[in-house]
Amino acid sequence: MSVSPPQQKIWWNEPVPKSELIWVIIAFIWGLIMFFAMVWWHIYGEQNLSNESYRITAEDFSAKTEAMVEKYKVREESGYPVVHPPPGEDIYLIARLWQWWPILELEKGQSYRLHLSSLDWMHGFSLQPVNINVQVHPDYEMVLTITPDSAGEFGIICNEYCGIGHHLMLGRMYVVDERGN
Amino acid sequence: MLEQYRICQTTGLRVFQSTENLIKANAVVAVIFLAIGGLFGLSIALTRWKAVHLLPADWFYLALTAHGLDVLVVWIVFFEIAVLYFASSVILGCRIATPRWAWAAFALMLIGALVTNVAVLMGNSSVMFTSYVPLKADPSFYVGIILFAVGTLIACFVFFGTLVIAKQEKTYEGSVPLVTFGATVAAIIAVFTLASGAIILIPTLLWSMGYISHIDTLMYRTVWWGFGHSSQQINVAAHISIWYLISAVVLGAKPLSEKVSRFAFLLYVLFLQLASAHHLLVDPGISSTWKVFNTSYAIYLAVLGSMIHGLTVPGQIEAAQRKKGYNNGMFEWLRKAPWGNPAFSGMFISLILFGFLGGISGVVMGVEQINLIIHNTIYVPGHFHATVVAGTTLAFMAVTYLLVPLIFRRALILPGWAKAQPYLFGLGVAGISVFMMGAGTLGVPRRHWDISQADAILPYDFPGAANLMMGLNGMSAILAALGGFMFIVVVVGSILFGKKIDASTEVPIAPPEDARVVGEYGNEDHPAIPGTIALVGVFFVSFILYYFVNWKYLAEVWPLR
Amino acid sequence: MSEENHQEAADSNESERIPFMQQLLDNPFLLLFLGVTIPTIFYIIWGVMEIVTIPIAK
Ligand code: HEM
Ligand SMILES: [Cu+2]
Ligand SMILES: [Cu+2]
Numbered sequence: 031m032s033v034s035p036p037q038q039k040i041w042w043n044e045p046v047p048k049s050e051l052i053w054v055i056i057a058f059i060w061g062l063i064m065f066f067a068m069v070w071w072h073i074y075g076e077q078n079l080s081n082e083s084y085r086i087t088a089e090d091f092s093a094k095t096e097a098m099v100e101k102y103k104v105r106e107e108s109g110y111p112v113v114h115p116p117p118g119e120d121i122y123l124i125a126r127l128w129q130w131w132p133i134l135e136l137e138k139g140q141s142y143r144l145h146l147s148s149l150d151w152m153h154g155f156s157l158q159p160v161n162i163n164v165q166v167h168p169d170y171e172m173v174l175t176i177t178p179d180s181a182g183e184f185g186i187i188c189n190e191y192c193g194i195g196h197h198l199m200l201g202r203m204y205v206v207d208e209r210g211n
Numbered sequence: 096m097l098e099q100y101r102i103c104q105t106t107g108l109r110v111f112q113s114t115e116n117l118i119k120a121n122a123v124v125a126v127i128f129l130a131i132g133g134l135f136g137l138s139i140a141l142t143r144w145k146a147v148h149l150l151p152a153d154w155f156y157l158a159l160t161a162h163g164l165d166v167l168v169v170w171i172v173f174f175e176i177a178v179l180y181f182a183s184s185v186i187l188g189c190r191i192a193t194p195r196w197a198w199a200a201f202a203l204m205l206i207g208a209l210v211t212n213v214a215v216l217m218g219n220s221s222v223m224f225t226s227y228v229p230l231k232a233d234p235s236f237y238v239g240i241i242l243f244a245v246g247t248l249i250a251c252f253v254f255f256g257t258l259v260i261a262k263q264e265k266t267y268e269g270s271v272p273l274v275t276f277g278a279t280v281a282a283i284i285a286v287f288t289l290a291s292g293a294i295i296l297i298p299t300l301l302w303s304m305g306y307i308s309h310i311d312t313l314m315y316r317t318v319w320w321g322f323g324h325s326s327q328q329i330n331v332a333a334h335i336s337i338w339y340l341i342s343a344v345v346l347g348a349k350p351l352s353e354k355v356s357r358f359a360f361l362l363y364v365l366f367l368q369l370a371s372a373h374h375l376l377v378d379p380g381i382s383s384t385w386k387v388f389n390t391s392y393a394i395y396l397a398v399l400g401s402m403i404h405g406l407t408v409p410g411q412i413e414a415a416q417r418k419k420g421y422n423n424g425m426f427e428w429l430r431k432a433p434w435g436n437p438a439f440s441g442m443f444i445s446l447i448l449f450g451f452l453g454g455i456s457g458v459v460m461g462v463e464q465i466n467l468i469i470h471n472t473i474y475v476p477g478h479f480h481a482t483v484v485a486g487t488t489l490a491f492m493a494v495t496y497l498l499v500p501l502i503f504r505r506a507l508i509l510p511g512w513a514k515a516q517p518y519l520f521g522l523g524v525a526g527i528s529v530f531m532m533g534a535g536t537l538g539v540p541r542r543h544w545d546i547s548q549a550d551a552i553l554p555y556d557f558p559g560a561a562n563l564m565m566g567l568n569g570m571s572a573i574l575a576a577l578g579g580f581m582f583i584v585v586v587v588g589s590i591l592f593g594k595k596i597d598a599s600t601e602v603p604i605a606p607p608e609d610a611r612v613v614g615e616y617g618n619e620d621h622p623a624i625p626g627t628i629a630l631v632g633v634f635f636v637s638f639i640l641y642y643f644v645n646w647k648y649l650a651e652v653w654p655l656r
Numbered sequence: 040m041s042e043e044n045h046q047e048a049a050d051s052n053e054s055e056r057i058p059f060m061q062q063l064l065d066n067p068f069l070l071l072f073l074g075v076t077i078p079t080i081f082y083i084i085w086g087v088m089e090i091v092t093i094p095i096a097k
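Protein chains in written order, with the numbering used here: chain C, 31 to 211; chain D, 96 to 656; chain G, 40 to 97.
No wet-lab data here; the hints were simulated from the structure.
Among these hints, one or two may not hold up.
Stretch-level coverage of chain C by chain D, calculated; a stretch enters the list once three of its residues show a Cβ under 8 Å from a Cβ in chain D [unchecked claim]: (1) 33-42; (2) 89-100; (3) 108-116.
For every residue, glycine included, the Cβ atom is placed at its ideal position computed from N, Cα and C.
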């Protein structure tokens with residue numbers, strides 16, 4: 031029994047029952063498949079998180095963001111600037127207590143280098159309803175290349191607890207068809 | 096000085112007085128905190144049910160912090176210490192090493208738990224049990240956790256000391272029993288866990304007191320999860336040991352193969368703790384190489400360990416049942432299992448829910464890329480209520496039904512309640528797990544007071560199905576809480592008012608038939624286990640399907656590089 | 040001493056020798072050592088090294 035010592039003194043040399051042996055082999059192979067699936071997806075898959083990141087101060091990151099807003103602002107909504115940068119551009123999104131700033135307007139099917147960082151606490155970038163979720167740290171900037179392939183209005187939720195206003199921390203992103211509508 | 100012991104009438108185990116007292120104290124405190132933490136759990140589930148929305152925002156975040164701490168840390172760890180003492184001193188029939196230190200450990204843990212609870216209830220430490228910097232709690236919050244961790248570490252070394260004494264005094268022959276071995280694995284993982292905790296929480300304490308100006312958030316998350324996630328691996332090792340323990344005591348089952356089961360535990364020692372990386376898969380700056388290697392426990396070797404236990408635990412039950420003559424067809428052994436014995440039913444439900452809900456979802460969300468569509472959604476609490484509540488907590492409840500007669504020497508009161516409890520609790524917890532996972536796939540965030548965000552400047556509407564899921568979650572939470580309440584009533588009631596069991600009284604529940612039966616190891620006489628193989632086959636197919644379905648979900652989101 | 044005696048002694052010695060893997064599994068402190076060093080190296084140290092080598096933004 032499991033509550034008494036093994037009956038045979040040398041149990042390591044016992045033959046392993048066949049059913050168990052087969053299962054061990056199957057499970058091992060399944061593990062290999064799952065491992066190489068991740069590697070394979072890095073090569074052939076389209077959704078991989080970028081490894082590009084930098085250390086950055088809050089001042090530098092907000093300066094970069096403000097420069098972008100200055101340059102590409104197209105209108106204002108509920109007090110938020112809406113920016114429409116050209117495709118391929120570096121775009122910036124600030125996370126801070128408790129807002130995502132500014133509102134980005136992107137073109138469908140185009141790629142952008144999205145820079146994410148927080149000016150204060152940790153936040154969670156959660157793009158809905160697409161459901162892309164990324165951890166956003168202060169002092170670190172993550173750069174990911176995104177290619178919106180659906181048009182519409184998207185919400186950005188904060189899904190890392192960031193204090194009492196956490197549930198109010200919502201942002202927005204627009205994706206428009208090429209000609210802009 | 097020779098210490099007093101008694102021989103347990105039902106199991107023939109030697110129970111030392113000091114061990115018995117220590118197990119009682121740790122288990123009682125554990126159960127009290129389960130009751131408190133469970134109430135907090137119910138209150139947050141009811142808050143997230145839109146139609147009820149019980150608590151105001153500040154209370155919600157306070158209750159969520161308290162819930163995580165009281166159940167995940169205090170309940171589980173106190174109970175684990177009781178399990179360690181049982182698996183060393185009682186199973187090996189050896190006096191416990193340095194009972195004074197064990198009591199000191201107990202005192203530190205209790206004081207730590209109380210200090211942290213007070214800090215949280217004062218309202219200025221609603222930082223969640225993860226206490227990510229730069230969210231700052233009151234210094235006493237960290238002091239409490241550190242005291243608790245130091246106490247736990249001492250208790251682990253009392254366990255190791257007891258192993259040494261048992262070996263020196265030759266209270267057993269050959270290798271330690273499998274259950275003790277599994278508990279050793281839990282204690283080993285605990286040492287790494289607590290060391291990581293100390294490395295990160297001591298500087299955080301100093302920071303909260305103003306002696307250190309800055310703590311790097313990425314560093315914090317990396318080291319903290321060495322503590323936070325590894326502690327979950329302690330639970331896995333502990334509750335799997337309990338599965339083996341219960342099947343041995345209730346059914347007289349013996350391992351199909353010592354070699355295979357112990358090898359599976361060895362894989363845990365070597366690789367399980369790497370999975371702390373599950374929490375960092377979408378963090379900046381850490382390379383995919385690190386993420387892929389660690390999240391896969393070095394090519395899924397620890398998953399291999401779990402899949403082995405998934406065969407050997409039901410397999411040994413099947414073998415024991417077939418030996419008793421329940422040999423008809425594939426599943427007579429299962430149908431005729433002691434389903435009315437809450438120790439057994441709790442254990443088996445724990446096994447099934449842990450494997451199917453917790454295990455599969457855990458591996459899937461731990462895939463580096465798939466984590467992008469799951470990280471920090473309420474899918475995550477859905478997953479870990481399947482592991483740590485349906486798996487660990489239910490297994491601990493099940494073994495409590497054995498500890499009450501064996502250690503507290505009281506008969507269970509309300510046997511009807513005891514009988515129904517694992518089913519009700521299992522159903523409720525399966526509900527909260529499934530519905531939170533469902534809501535998570537719709538993007539609902541975790542740790543979030545109000546997803547309808549009426550006051551937000553840029554509101555976002557979740558699909559109606561999300562609110563439906565959260566409502567169903569609230570209803571399941573009521574069932575789970577009811578099951579938890581029944582457990583507390585039966586256990587506390589039995590300890591206080593249950594009929595005293597002495598040498599002459601029978602244990603009314605869980606009569607361990609054949610408890611001393613030990614067959615030949617090896618495989619000549621061990622019966623085939625077709626039923627288990629069928630179960631494992633169903634499991635494997637579900638696993639594969641769910642795994643690939645999630646790759647498909649991932650393939651549908653925006654391309655990302 | 041006869042040849043057979045030798046043979047017997049060797050045999051019983053053989054069956055007494057505990058396989059390496061069993062010795063490892065029976066030694067909690069060796070397991071403790073492995074269980075602490077492996078995650079410390081692969082998870083903590085490697086992870087921390089990655090974090091400290093993150094470049095500074097241009
Ligand atoms: C009656 C039983 C329980 C119910 C109804 C329940 C319900 C919940 C709910 C609704 C959440 C919040 C999810 C969120 O908003 O993020 C939660 C979080 C959590 N629960 Fe439970 N739970 C129960 C028992 C337990 C037990 C027994 C454990 C541990 C052994 C546990 C561990 C946790 C943890 C660690 C969290 C996360 C806290 C955080 O995000 O900081 N729960 N639970
Ligand atoms: Cu936030
Ligand atoms: Cu937040």
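Hints versus structure:
1. With 9 residues having a Cβ less than 8 Å from any Cβ of chain D, the segment 33-42 of chain C passes the three-residue criterion, so the hint holds.
2. Chain D is given as covering the segment 89-100 of chain C, and this is violated because 0 residues of the stretch bring a CB closer than 8 Å to a CB of that chain, at least three being needed.
3. Residue count for the segment 108-116 of chain C with a Cβ under 8 Å from a Cβ of chain D: 3. That meets the three needed, and the coverage hint holds.
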